[in-house]
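Protein chains in written order, with the numbering used here: chain Y, 10 to 347; chain H, 10 to 347; chain B, 65 to 149; chain C, 65 to 149.
Note that these hints are calculated values from the structure, not bench results. From the three backbone atoms N, C-alpha and C, an ideal C-beta is built for every residue, glycine too. Treat the hints with care, as some may be off.
As the list claims (entries may be wrong) - With a Cα cut of at most 27 Å, we get these calculated DSSO-like pairs of lysine-lysine:
1) K47(H) <-> K79(H)
2) K47(H) <-> K79(Y)
3) K145(Y) <-> K105(Y)
4) K179(Y) <-> K145(Y)
5) K79(Y) <-> K47(Y)
6) K179(Y) <-> K47(H)
7) K79(H) <-> K48(H)
8) K325(Y) <-> K48(H)
9) K325(H) <-> K47(Y)
10) K47(H) <-> K179(H)
11) K79(H) <-> K325(Y)
12) K79(Y) <-> K105(Y)
13) K79(H) <-> K72(B)
14) K73(B) <-> K179(Y)
15) K48(Y) <-> K79(Y)
16) K47(H) <-> K73(B)
17) K175(Y) <-> K295(Y)
18) K325(H) <-> K175(H)
19) K73(C) <-> K145(Y)
20) K105(H) <-> K145(H)
21) K79(H) <-> K105(H)
22) K325(H) <-> K48(Y)
23) K175(H) <-> K179(Y)
24) K145(H) <-> K179(H)
25) K179(H) <-> K72(C)
26) K72(C) <-> K47(Y)
27) K79(H) <-> K73(B)
28) K179(H) <-> K48(Y)
29) K105(H) <-> K295(Y)
30) K295(Y) <-> K325(Y)
31) K325(Y) <-> K179(Y)
32) K325(Y) <-> K47(H)
33) K47(Y) <-> K179(H)
34) K73(C) <-> K179(H)
35) K179(H) <-> K79(Y)
36) K72(C) <-> K79(Y)
37) K47(H) <-> K72(B)
What the hints assert, rightly or not - Have a look at the derived ranges for each label pair, beta carbon to beta carbon:
38) Q95(C) <-> Q155(H): 46 to 54 Å
39) R146(B) <-> A32(Y): 57 to 65 Å
40) N89(C) <-> S100(B): 58 to 66 Å
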Amino acid sequence: MGLNSEQKKSGISFDVLELDRTAATEEIVTSIQSVVLKKFRKRGAVVGISGGIDSSVVAALCVRALGPEKVHLLLMPEGESASTDESTELGRSLAKSLGVEPQLEDITSVLQGAGCYERRDSAIREVIPEYGPGWKSKIVLPSVIQSDQFRIFSVVAHSPEGQEIKARLKPEGYLGVVAATNFKQRTRKMMEYFHADRLNFAVAGTPNLLEYDQGFFVKGGDGLADFKPIAHLYKSQVYQLAEHLGVPEEICSRPPTTDTYSLPQSQEEFYFSLPYDQMDLCLWAKNHGVDAQETGAALGLSAEQVERVYRDIEAKRRMAVYLHAQPAFSGRPDGATS
Amino acid sequence: MGLNSEQKKSGISFDVLELDRTAATEEIVTSIQSVVLKKFRKRGAVVGISGGIDSSVVAALCVRALGPEKVHLLLMPEGESASTDESTELGRSLAKSLGVEPQLEDITSVLQGAGCYERRDSAIREVIPEYGPGWKSKIVLPSVIQSDQFRIFSVVAHSPEGQEIKARLKPEGYLGVVAATNFKQRTRKMMEYFHADRLNFAVAGTPNLLEYDQGFFVKGGDGLADFKPIAHLYKSQVYQLAEHLGVPEEICSRPPTTDTYSLPQSQEEFYFSLPYDQMDLCLWAKNHGVDAQETGAALGLSAEQVERVYRDIEAKRRMAVYLHAQPAFSGRPDGATS
Amino acid sequence: MDTAGNQKKVRAFVVENLLLGEEENDFSDSQSFLESGLIDSTGILEVIAFLEEEYEITIADEEMVPDNLDSVDNIVAFLQTRRVG
Amino acid sequence: MDTAGNQKKVRAFVVENLLLGEEENDFSDSQSFLESGLIDSTGILEVIAFLEEEYEITIADEEMVPDNLDSVDNIVAFLQTRRVG
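Okay, chain Y solo, but in the shape it has when bound:
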């Protein structure tokens, strides 16, 4: 991840994201113990594991803090996600490495009961009338790097025969597909809270700083949790901790995915402007007042391209206001404690 010495001298580099891994681990472990046991008076933690890097690191940190018998790991596959089998397998491999027997909760029947698939498919059919059983889909955005076009969502669908159709979404269609798909994250969180309530445990949240800051989570879904042990860490710092904590290599080397659509979907084609490590550095640079020129030099991008990423970061933060907001009151409650 390093840059050459001339770049280092003249400006920022990926080095700024380097963690003291031992100290960071220690700080998080202490905080988990203090919050879960002392503040919440809960006996342990529930972690939904997806086979991805974030949930794996959160699970490993919880096991360090609370011990394997106080961590309940949930695998929650559903019928159609692009990577369900692989995710479940990676989740099992993680659990094994932590000495925890994971519990499997297949959420397909909840999603069917909620009409998740049916509602989503009917939203897709508004722009792709032939969409039906056996088809797969995802939602994509054009690159923010290549032009200053507005980022307009399209749906990409593959027929069972392998034909690909791409169609721009109208507002109702876009909102309809996203709303229906959000049942997945919300159902998973509901299941995590069921087990937490049953065991008198707390629920861990897995968003990292990039996701947290940019609002890449579902309100009441993966955005909901009792504690969020890695929400202050850039994604590349999560990878550093993964290595430090001995997360299985096959998880560390897997490219990030949204794991929500039936076609494989990278995080940057749906949400972020850049691959995560570059996105990390742009966000760090913006947070620390580094100008677009200097950031561009570190990333091999033009100043104009970095400006577009900065503007995209700002725009996402505006939308994240709603996602981060605590419930708004309409008056001052009498004597309430918090």
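Please arrange chains H, B and C on chain Y, whose structure you already have, making use of the hints.
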């Protein structure tokens, strides 16, 4: 609700809970407009209506603030609740009075998919082995007023033949029944957010101050919302607004229920120490430093009984710390906006 | 082509759908939607859907740039190039 | 009846199940669970379940009062009245 003039002179009375209804309505309406439209930039509001007083008042306030075409009312009955048909009917009557066509979302199939009924019944069977199809149940607590006994949860079950069995719950059984039952509130909230996401609306929460302060809500269930327009109002103040807003009389005169168990369950047998109006006054008195003697005089209770209610309020607030807590971080996020 | 009519119609759409709780008086036709935070990923879809339906045009991907769509004035000028309204 | 043994066993249960993240050194056997915030509606169920299982006794509703159950010392004294341990 008034007390005689001697009591008024010498101490507190129910008068302390009297609202200026016009001003209170105006304040809430302005706040809803400002939060939903300006802060969240949402187009309207989703309200799940149960036929109860709280959700009815919230719905009426949202319609005043945003107009009937910007309020989406959801009726979400499920197969087995004690008052499903009555609740749905009352909800329809409310919606009609507001000029809104409500949407019906039967959540039974989601609950079946999640194993809500099955998991709850198997937890009950740990103490009542004969519990099965056709049986109904609820969870009850002994009165805090009558003795200083610890309040131990029991399950009360009615067989299809009308036999009643009451059994004290063990920790796993109690947590298991509550955890499974919580699927109901969480599923309803998930459905509200689905419609909110689809319509680009915000989700209203319906807890009143008594419920909010005392933690009588499910985390991620009825405790989750984008805005909580009556969380600063005592329950008897909610009744005052109901009258002021023209909520149908049959809703105003219905006794509060939890609407979660298959046997009818009052809120005080499951949660609060006293009927809501007395509970309101005790909480108000405690918040304003009124001693137990004086509060007891206003309520016809002994000082010792009021002390027990005060202690119960404190105990519930300690448990509510977990319920109210924002997600805890394990470090300071770089540059995050909120 | 009725530029004044377009201006009025587009402004009415923006006031109704993007302005939400904000004061109409504070909003000028030259104001950037992006810079005033009036538009998000759903908002831009709404603008495009409105234009395509109202004016029976198809907007190409490369036309979806701020120069064409980021203010009432920009939209009116864009409609002029498409000779509609 | 082994009062010292009961004391040790009850304390160990409390440390393991109610104390959670708190320091054991700061916790005395006469300390009220209620006043120290160590017990909630689940905690009291746990205490009762522990006593009933460990000592094979049945605790009646009217025995479930702070005088019997609200500290290690109270529990040990209660067990003494039940002549178990």
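27 Å Cα cutoff - pair K73(B), K179(Y): 20 Å, holds
Pairwise hint evaluation, K72(B) against K47(H), where the allowed Cα distance is 27 Å at most: The given pair, whose Cα atoms are some 23 Å apart, holds under the 27 Å limit.
For the pair we were handed, K325(Y) and K179(Y), check the Cα-Cα distance against 27 Å. 20 Å, holds
Compare the distance between the alpha carbons of K72(C) and K79(Y) with 27 Å, and conclude whether the hinted pair is satisfied. Judged against 27 Å, a Cα distance of about 24 Å means the pair holds.
When you take the CB atoms of R146(B) and A32(Y), is the distance between them in 57 to 65 Å? Holds, at about 60 Å.
Decide if the proposed pair is consistent with the structure: K179(H) and K72(C), CA atoms, cutoff 27 Å inclusive. Answer holds: K179(H) to K72(C) is near 23 Å, not above 27 Å.
Using the beta carbons of N89(C) and S100(B), state whether their distance is inside 58 to 66 Å or not. This hint holds: roughly 59 Å between Cβ atoms.
Would you check the hint for K47(Y) and K179(H), treating anything up to 27 Å between C-alpha atoms as holding? This hinted pair holds, its Cα atoms lying about 24 Å apart.
Pair hint outcome, K179(H) versus K48(Y) [Cα-Cα no greater than 27 Å]: 24 Å, holds
Holds or violated: K145(H) and K179(H), Cα atoms, limit 27 Å. 19 Å, holds
Are the Cα positions of K325(Y) and K48(H) separated by 27 Å at most? 15 Å, holds
Taking only the CA atoms, is the gap from K175(H) to K179(Y) under or equal to 27 Å? 56 Å, violated
Hints 2, 3, 10, 17, 19, 20, 23, 29 and 38 from the earlier list are contradicted by this structure; the remaining hints agree with it.
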